[in-house]
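**Student:** Sequence:
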Amino acid sequence: MTAPISAQPTASNLYQRWQLLRQEQPGLRARDAAAKLGVSEAELTASRLGVDAVRLRPEWAALLPALGELGYIMALTRNEHCVHERKGVYHEVTIMGSGQMGMVLSPDIDLRLFLSGWASVFAVDEATARGPQRSIQVFDQQGLAVHKVYLTDTSEAAAWAPLVERFRAEAQTAELELKPQPEAKAPRPDADVDSATLRSEWSQLKDTHDFFGLLRRNDVARTQALRLAGHEWAEQLATVELTNVIEEAGKREVPIMVFVGNKHCIQIHSGPVSNLRWMDTWFNVLDPAFNLHLKTTGVTELWRVRKPSVDGIVTSYEGFDADGELVIQLFGVRKPGVPERNDWRALAETASRMTA
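Mind the numbering: the sequence shown is residues 1 to 356 in UniProt numbering, read in order.
Think of the hints as simulated: they come from the structure by calculation, not from any bench.
Bear in mind the structure is a predicted one, so any value in this text is a computation, not a measurement.
Each residue gets a CB set at the ideal place from its N, CA and C atoms; glycine is no exception.
Treat the hints loosely; a few may be bogus.
Keeping only pairs whose Cα atoms sit at most 25 Å apart, straight-line, the calculated DSS-like set for lysine-lysine is [stated by the list, open to error]: (1) Lys-185 <-> Lys-263; (2) Lys-251 <-> Lys-87; (3) Lys-87 <-> Lys-263; (4) Lys-335 <-> Lys-87; (5) Lys-36 <-> Lys-185; (6) Lys-295 <-> Lys-251; (7) Lys-335 <-> Lys-36; (8) Lys-87 <-> Lys-295; (9) Lys-251 <-> Lys-335; (10) Lys-263 <-> Lys-295; (11) Lys-36 <-> Lys-206; (12) Lys-179 <-> Lys-87; (13) Lys-179 <-> Lys-36.
Derived CB-CB ranges, DEER-like [to be verified]: (14) Ser-352 <-> Thr-300: 31 to 37 Å; (15) Lys-36 <-> Ala-346: 42 to 48 Å; (16) Ile-313 <-> Thr-152: 35 to 41 Å.
Can you build the whole structure from these sequences, using the hints too?
**Tutor:** Here you go:
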């Protein structure tokens, strides 16, 4: 058995400490509360067992399709700097790779799932001033939130209790076998990379998904590849251009694809954005079916990236944090077999690249 990351307080003690913290800071999110209490969010959620949470069996191939029974829900996926919330119905769930990967391809809920890192799952039924807030919450082996599903006012509320009972774990234990975060591999020095081969392979890409294979074959980090690709394929932009392009897309009614994810789940919105709001350093999309909350100070590097495909050039904006982790990715709305939208390409090419 893998030892926990650190010796943590008992679940009941942790829950009491959390409630005291909530009294002091009522609006504090669970993720931030966990950080203040020195535990993972999964441990914080597990401390609720017997109060307003139930531990479920992590049977992803059965549980994920069952979420469709809840009807119209809100799916939430986030990383350290960005939260992506999309409303819709879970349909067309596919599990593949011996249960290691999955996809949800509903018209509204669009997910790429890397299930090998999914570890624990809880059903939470919390009483709030606005009534019950019910959610299914998934965590990884480090106790970080991977993906959450919240019931809405128009969800099939009657399906909640049967679903929870059907997947209830026999042992309602708060113990989690957490593992330390694997150490990130240090990128090779740029001088050790065969840039000519990298650029040649880049020019021969047939599908945007082949980009990951290109990175592996050339043993390069993502931002390193962007630096070495040359201006034909990647150009660094001022980070302010990230919100500028979203605002312009809203003004011009250009439908975009917004990708936000973590190591184990990527969530995608495809469509227009309209209700855009700044709140201090947070940039927000507050549309009826799609909400985005972007901590702009977390994006320290922005690139305009062009990838060849059988359908022509595909252009994206890619924002990274100080650790080189992808925070957010933007494309024009398109389907395989369809060329990139001219209005998106014109908009994406407006910003001038940064010069040394």
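**Student:** Next step is simple, just say for each hint if it's right about the structure.
**Tutor:** Now for the hints, and whether the structure bears them out:
| no. | hint | verdict |
| --- | --- | --- |
| 1 | Lys-185 <-> Lys-263 | holds, 15 Å |
| 2 | Lys-251 <-> Lys-87 | holds, 23 Å |
| 3 | Lys-87 <-> Lys-263 | holds, 22 Å |
| 4 | Lys-335 <-> Lys-87 | holds, 21 Å |
| 5 | Lys-36 <-> Lys-185 | violated, 28 Å |
| 6 | Lys-295 <-> Lys-251 | holds, 21 Å |
| 7 | Lys-335 <-> Lys-36 | violated, 43 Å |
| 8 | Lys-87 <-> Lys-295 | holds, 21 Å |
| 9 | Lys-251 <-> Lys-335 | holds, 23 Å |
| 10 | Lys-263 <-> Lys-295 | holds, 19 Å |
| 11 | Lys-36 <-> Lys-206 | violated, 46 Å |
| 12 | Lys-179 <-> Lys-87 | violated, 32 Å |
| 13 | Lys-179 <-> Lys-36 | holds, 20 Å |
| 14 | Ser-352 <-> Thr-300: 31 to 37 Å | violated, 19 Å |
| 15 | Lys-36 <-> Ala-346: 42 to 48 Å | holds, 46 Å |
| 16 | Ile-313 <-> Thr-152: 35 to 41 Å | holds, 38 Å |
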